[in-house]
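From first to last, the protein sequence lines stand for chains A and B. Residues in the first sequence are numbered from 106 upward in steps of one, following my numbering. Residues in the second sequence are numbered from 106 upward in steps of one, following my numbering.
The reader is advised that the hints may include incorrect statements.
Same chains, same names: a pair is fine if it fits in one copy or spans any two.
Here are the simulated SDA-like cross-link-like pairs (lysine to any residue), alpha carbons at most 25 Å apart as the crow flies [stated by the list, open to error]:
| no. | residue 1 | residue 2 |
| --- | --- | --- |
| 1 | LYS365 | GLU408 |
| 2 | LYS353 | GLU314 |
| 3 | LYS360 | GLU408 |
| 4 | LYS371 | ARG359 |
| 5 | LYS339 | GLY170 |
| 6 | LYS365 | ALA400 |
| 7 | LYS365 | ARG404 |
| 8 | LYS186 | ASP415 |
| 9 | LYS371 | MET393 |
| 10 | LYS186 | GLY172 |
| 11 | LYS371 | GLY158 |
| 12 | LYS371 | ALA399 |
| 13 | LYS353 | LEU117 |
| 14 | LYS360 | SER418 |
| 15 | LYS360 | ARG315 |
| 16 | LYS339 | GLN187 |
| 17 | LYS371 | ARG414 |
Just so you know, these hints were derived from the structure itself, not from any lab.
Number of protein chains: 2
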Amino acid sequence: MPEVLSQPDAALATFVDRIRAGDVRALARAISAIEDNSAHAVRLMRALFPHSGHADVIGLTGSPGSGKSTLVDQLAHEYRKQDKTIGIVAVDPTSPYTGGAILGDRIRMQAHHADTGIYIRSMATRGFLGGLAPATADVATLLDAAGKDVVLVETVGVGQDEIDIVRLADVTIVILVPGMGDDVQTIKAGIMEIADIFVINKSDREGAERVEREIRAMQTLAIRRDDWTPPILKTVATEAIGIPELAKAIDGYRKYLEGKQLLMAKKVSNWRERLIEMLRKALLDRMMRERLDAALLDRYAREIAEHRRDPYSLVEELVTGTVAG
Amino acid sequence: MPEVLSQPDAALATFVDRIRAGDVRALARAISAIEDNSAHAVRLMRALFPHSGHADVIGLTGSPGSGKSTLVDQLAHEYRKQDKTIGIVAVDPTSPYTGGAILGDRIRMQAHHADTGIYIRSMATRGFLGGLAPATADVATLLDAAGKDVVLVETVGVGQDEIDIVRLADVTIVILVPGMGDDVQTIKAGIMEIADIFVINKSDREGAERVEREIRAMQTLAIRRDDWTPPILKTVATEAIGIPELAKAIDGYRKYLEGKQLLMAKKVSNWRERLIEMLRKALLDRMMRERLDAALLDRYAREIAEHRRDPYSLVEELVTGTVAG
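Only chain A is shown next, with the shape it has when bound in the complex (with noise of 0.2 Å):
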């Protein structure tokens, strides 16, 4: 698959034009592409990214058991109503060895199978190279080329990398359940400031009101740059009870970014982490390719368990270019 991304220009127009039209198969080239941070995906991208800009790029967020899936399938088909085409990526936490993806994910693939209008990737967390966060970001602005309208980016909402990539969406969404027991305070501690919508789902449980509350409570506390004040809507995903309403809240906050003309600002703000991320991943690219290969990681890496070597001396000669044997 890369090597159609190595041939000569008009190649990669073809294969430029393929994913504006939507074509699935190369749309899935094109992200194995970037998840295995192929040099040749940057020739891509930045191929693609003049056509990128129109979709509303919708980030989730929410902890395992929140039933998130289900409410991102039925916010795409809220959104199917309405004849948008809709882009799903689901970051999810698989194992950093074997890179694995996790099996959930092709059963909704299927079910979403007949619908040419959606298209649902999962993207595999992986090692330490490539950088999660611009894979993901490099994956929606791919889908926002390919002409969806929507594009929704779910993950699993603790760590901080997957805050780092709802953060990079237009809007992001906190989805929270009744329940969890005492220590998921931690969790909103953490999550508070990204939500511009929350989502109180499975909430024809008990308790849902205690964590309606209890949200109220921090937002008194919290300060927000845009002066919104995030929504609260109550959801059971699984019987796409507040579904419409969500979609609605969600437009709702688009409006009022663009009322108050802070769209533009939220987006430079997003392309500024970006760029950094960004920054970081092409930085270390190159020093790999230019100065420190596999066989003189590992030699380095022994030096200095065998306290040998000092890695801060290290790390300063290898920037610097100064590294002596």
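Assemble the complex: chain A is given as a structure, and chain B must be docked to it using the hints.
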């Protein structure tokens, strides 16, 4: 506080001596410097590294509600009975905007206040620039150099970041609890391969046997490079049940690695990952210092958001030093 770190070598040497003597205020200052990503922190770490390498570094991870902190506290007390000194680094998911710390942590610190053999410090999860994993690893090395016999690193175990952090320990413990709902399987898939020891905490609850069976079932699928079969221990941390057995299991894994001459291999593999993270951070720091101040970053972000500049070309130009305008 960083002023002492910018003083001449004699002052640095005094500071290093105070840290090596376990001076609590010196430790706190040093950790703040690391958290703030201060340039002087590198100088300090370089001076401290030769004194590190003696502590047992134990990583513990578990979802919110797993009783992780209580378990870590109990384990610390267990080691205190063996006259070992302890350093605890608790990584909490806090606000990306405020970097604020979690209240509960202060309460924990007070509980240990009378015992100078335990030093506890929480790390706030910061924004993009610093990088949480390298900072946490540096703090572990610092506590090691400060003469702690055991360094316990605890994280919320869902995100990739948190997984990366505990992977850098000599021994990694994954804490599960009965009855966390159907979606917990997702977490297990992500952390299965990093666990050297499984702990089922709150094991007096219904469902402990089921969790154990599930772990056993997944173990038949896992392939470990060290051929170790992670034991599954049951604890009730609030009542100190199963804690001596846990300490024994940790020791058992360590002895297993030593017996098979695998401990050094594990340390080399850890340093390889850590070195890459250190490089990512150092490369970006240098770029920000030399070629990209905050104002310029803002300008680029705006140009990209307005689609007047393509970020993929920009990043390449920045990395190769050929950026125009």
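Here is what the structure says about each hint:
{"no.": "1", "hint": "LYS365 - GLU408", "in the structure": "between (57 Å within a copy, 20 Å between copies)"}
{"no.": "2", "hint": "LYS353 - GLU314", "in the structure": "within (22 Å within a copy, 45 Å between copies)"}
{"no.": "3", "hint": "LYS360 - GLU408", "in the structure": "between (57 Å within a copy, 23 Å between copies)"}
{"no.": "4", "hint": "LYS371 - ARG359", "in the structure": "within (11 Å within a copy, 49 Å between copies)"}
{"no.": "5", "hint": "LYS339 - GLY170", "in the structure": "both (16 Å within a copy, 23 Å between copies)"}
{"no.": "6", "hint": "LYS365 - ALA400", "in the structure": "between (54 Å within a copy, 24 Å between copies)"}
{"no.": "7", "hint": "LYS365 - ARG404", "in the structure": "between (56 Å within a copy, 21 Å between copies)"}
{"no.": "8", "hint": "LYS186 - ASP415", "in the structure": "neither (60 Å within a copy, 34 Å between copies)"}
{"no.": "9", "hint": "LYS371 - MET393", "in the structure": "between (33 Å within a copy, 22 Å between copies)"}
{"no.": "10", "hint": "LYS186 - GLY172", "in the structure": "within (22 Å within a copy, 44 Å between copies)"}
{"no.": "11", "hint": "LYS371 - GLY158", "in the structure": "within (13 Å within a copy, 45 Å between copies)"}
{"no.": "12", "hint": "LYS371 - ALA399", "in the structure": "between (39 Å within a copy, 17 Å between copies)"}
{"no.": "13", "hint": "LYS353 - LEU117", "in the structure": "neither (39 Å within a copy, 59 Å between copies)"}
{"no.": "14", "hint": "LYS360 - SER418", "in the structure": "neither (52 Å within a copy, 32 Å between copies)"}
{"no.": "15", "hint": "LYS360 - ARG315", "in the structure": "neither (30 Å within a copy, 49 Å between copies)"}
{"no.": "16", "hint": "LYS339 - GLN187", "in the structure": "within (22 Å within a copy, 52 Å between copies)"}
{"no.": "17", "hint": "LYS371 - ARG414", "in the structure": "between (45 Å within a copy, 17 Å between copies)"}
The structure shown violates the earlier hints numbered 8, 13, 14 and 15.
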